[in-house]
Amino acid sequence: MASLATLLALVTGVPLAWLLARRAFPGKDLLSVLVLLPMVLPPTVLGYYLLVVVGRQGLVGRLWEMAGLGRIVFTPTAAVLAAFVAALPFVIRAAQGGFEQVDRTYEEAARTLGWGEVGIFLAVTVPLAWRGILAGLALGFARAVGEFGATLMVAGNIPGRTRTASTAIYDAVQGGRLAEAHLLALLLSIMAGGVLLFIGRIGRGSRW
Amino acid sequence: MSLEVCFAGRVGEFDLDVAFRAPGGITALFGPSGAGKTLTLRCVAGLDSPATGRISIGDSVLFDRKAEIDLPPRERGLGYVFQHHALFPHLDVEGNIGFGLRGMPRSDRMARVAELIDLVGLGGFEGRRPSDLSGGERQRVALARALAPEPSLLLLDEPFSGLDDEIRWRLLDELLQLHRRTGVAMLLVTHDVEEVRRLAHWLVRLRKGRVVDEGLAAELIPGRAPAAERTSRSDGDR
Numbered sequence: 001m002a003s004l005a006t007l008l009a010l011v012t013g014v015p016l017a018w019l020l021a022r023r024a025f026p027g028k029d030l031l032s033v034l035v036l037l038p039m040v041l042p043p044t045v046l047g048y049y050l051l052v053v054v055g056r057q058g059l060v061g062r063l064w065e066m067a068g069l070g071r072i073v074f075t076p077t078a079a080v081l082a083a084f085v086a087a088l089p090f091v092i093r094a095a096q097g098g099f100e101q102v103d104r105t106y107e108e109a110a111r112t113l114g115w116g117e118v119g120i121f122l123a124v125t126v127p128l129a130w131r132g133i134l135a136g137l138a139l140g141f142a143r144a145v146g147e148f149g150a151t152l153m154v155a156g157n158i159p160g161r162t163r164t165a166s167t168a169i170y171d172a173v174q175g176g177r178l179a180e181a182h183l184l185a186l187l188l189s190i191m192a193g194g195v196l197l198f199i200g201r202i203g204r205g206s207r208w
Numbered sequence: 001m002s003l004e005v006c007f008a009g010r011v012g013e014f015d016l017d018v019a020f021r022a023p024g025g026i027t028a029l030f031g032p033s034g035a036g037k038t039l040t041l042r043c044v045a046g047l048d049s050p051a052t053g054r055i056s057i058g059d060s061v062l063f064d065r066k067a068e069i070d071l072p073p074r075e076r077g078l079g080y081v082f083q084h085h086a087l088f089p090h091l092d093v094e095g096n097i098g099f100g101l102r103g104m105p106r107s108d109r110m111a112r113v114a115e116l117i118d119l120v121g122l123g124g125f126e127g128r129r130p131s132d133l134s135g136g137e138r139q140r141v142a143l144a145r146a147l148a149p150e151p152s153l154l155l156l157d158e159p160f161s162g163l164d165d166e167i168r169w170r171l172l173d174e175l176l177q178l179h180r181r182t183g184v185a186m187l188l189v190t191h192d193v194e195e196v197r198r199l200a201h202w203l204v205r206l207r208k209g210r211v212v213d214e215g216l217a218a219e220l221i222p223g224r225a226p227a228a229e230r231t232s233r234s235d236g237d238r
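Protein chains in written order, with our numbering: chain A, 1 to 208; chain B, 1 to 238.
None of these hints come from the bench; they were simulated from the model.
Do not take every clue at face value.
Taking CB as the label site, the calculated pair distances span [said to hold, decoys possible]:
1) A:Pro-26 to B:Leu-71: 56 to 64 Å
2) A:Gly-203 to B:Ile-167: 32 to 40 Å
3) B:Asp-132 to A:Glu-100: 21 to 29 Å
4) A:Thr-105 to B:Met-1: 40 to 48 Å
5) A:Trp-130 to B:Arg-106: 20 to 28 Å
6) B:Met-104 to A:Thr-105: 23 to 31 Å
We put the beta carbon where it would ideally sit given N, CA and C, even for glycine.
Build the full structure now, drawing on both the sequences and the hints.
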């Protein structure tokens, strides 16, 4: 679920990050506040907003049901959605930083060599910003795995369906199964440490 | 083929009002820093747009505000050598030189890249990254990359700045030879009178965003060095 959420965050977050880094447009400040908001909002507030949007009375929720796709809340889809929204700001922030560090002269050089904008983005900008993008993905993935509050509110904690590692820990502690909680906590800590180690290595490696 | 430039207006923070021509051969756009030389070059390349005016090469119009023509850089068919070369750091020498040859069949592209590597004398450096090259080598890659798509005019923005003198004179000589062998017309931005003396056939003197002087370099700048004398003006026209 966290991988799927991170993938979604990659596909939507990287183009958004590029827009924020490279283009001026009306509403830019508002957009950058909106995409970063999940980072600072209490997870329950985030979960509540998600419920309002995708719940059975929410606009997206109703459209989803009318399209014959069933409900969203308390399904794995909802868990992915919560993790995605939590991961997105991390991906956008890091990728935006990566894009801002790419000297525009490289893009201009490509322009004088006959390239169009989409080609330049894929062949010049992304390869030169990959450190930032990768760091953002790693952080976003860690955040997606750790997502708890919003997940609980929109996806619940149904064993085998919407239970994530984070909600499973909560469940284990509540049920007095401390050994299980220990193990899961250890696994998540190792993963988080691995992510930080990984980001440190990208930062230090040879420049390209 | 002659470049004709006439435009005016604010570009970014700068007020430009220039009119000149570059009749072929090597034309120097000469003036102190802050004269608007680089900005003028960027307007010719299409990287910036002036408010009014017209830019044409021979019969093809690159920019004409009245006719609402403003070709994007990729359609202008010009080569550009940036001040700090702007070689793509993630590509090797071959990748950089071949970058403007997209759309060519692979075998043709490789043949053209090999031809250019030969032209600028970089045999054996094909797989090197820009970070592993000296300043002079980078400059040669930048020249080869800009020449690869056979531009009708090569724009050069202070290509010799930041190099120490010994390398600089050698590269200057190389550029002159390159000009003789390819016959490509050049528009060179420089603030160095010695570069003008050694390279330029035609001179356009710029000051505070205005053209103050234009004519044969030999007549405007006395005491030309023999290097430039060796090329006749006509071999740059095509």
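Results for each hint:
1. A:Pro-26 to B:Leu-71: 56 to 64 Å: Violated - the Cβ-Cβ distance for Pro-26 (chain A) and Leu-71 (chain B), about 28 Å, lies outside 56 to 64 Å.
2. A:Gly-203 to B:Ile-167: 32 to 40 Å: 34 Å, holds
3. B:Asp-132 to A:Glu-100: 21 to 29 Å: Since Asp-132 (chain B) and Glu-100 (chain A) have Cβ atoms about 26 Å apart, the given range 21 to 29 Å holds.
4. A:Thr-105 to B:Met-1: 40 to 48 Å: 27 Å, violated
5. A:Trp-130 to B:Arg-106: 20 to 28 Å: At roughly 25 Å between Cβ atoms, Arg-106 (chain B) and Trp-130 (chain A) fall inside 20 to 28 Å, so the hint holds.
6. B:Met-104 to A:Thr-105: 23 to 31 Å: The hinted range 23 to 31 Å holds for Met-104 (chain B) and Thr-105 (chain A), with Cβ atoms some 25 Å apart.
Hint compliance for this structure: hints 1, 4 are not met, and every other hint is.
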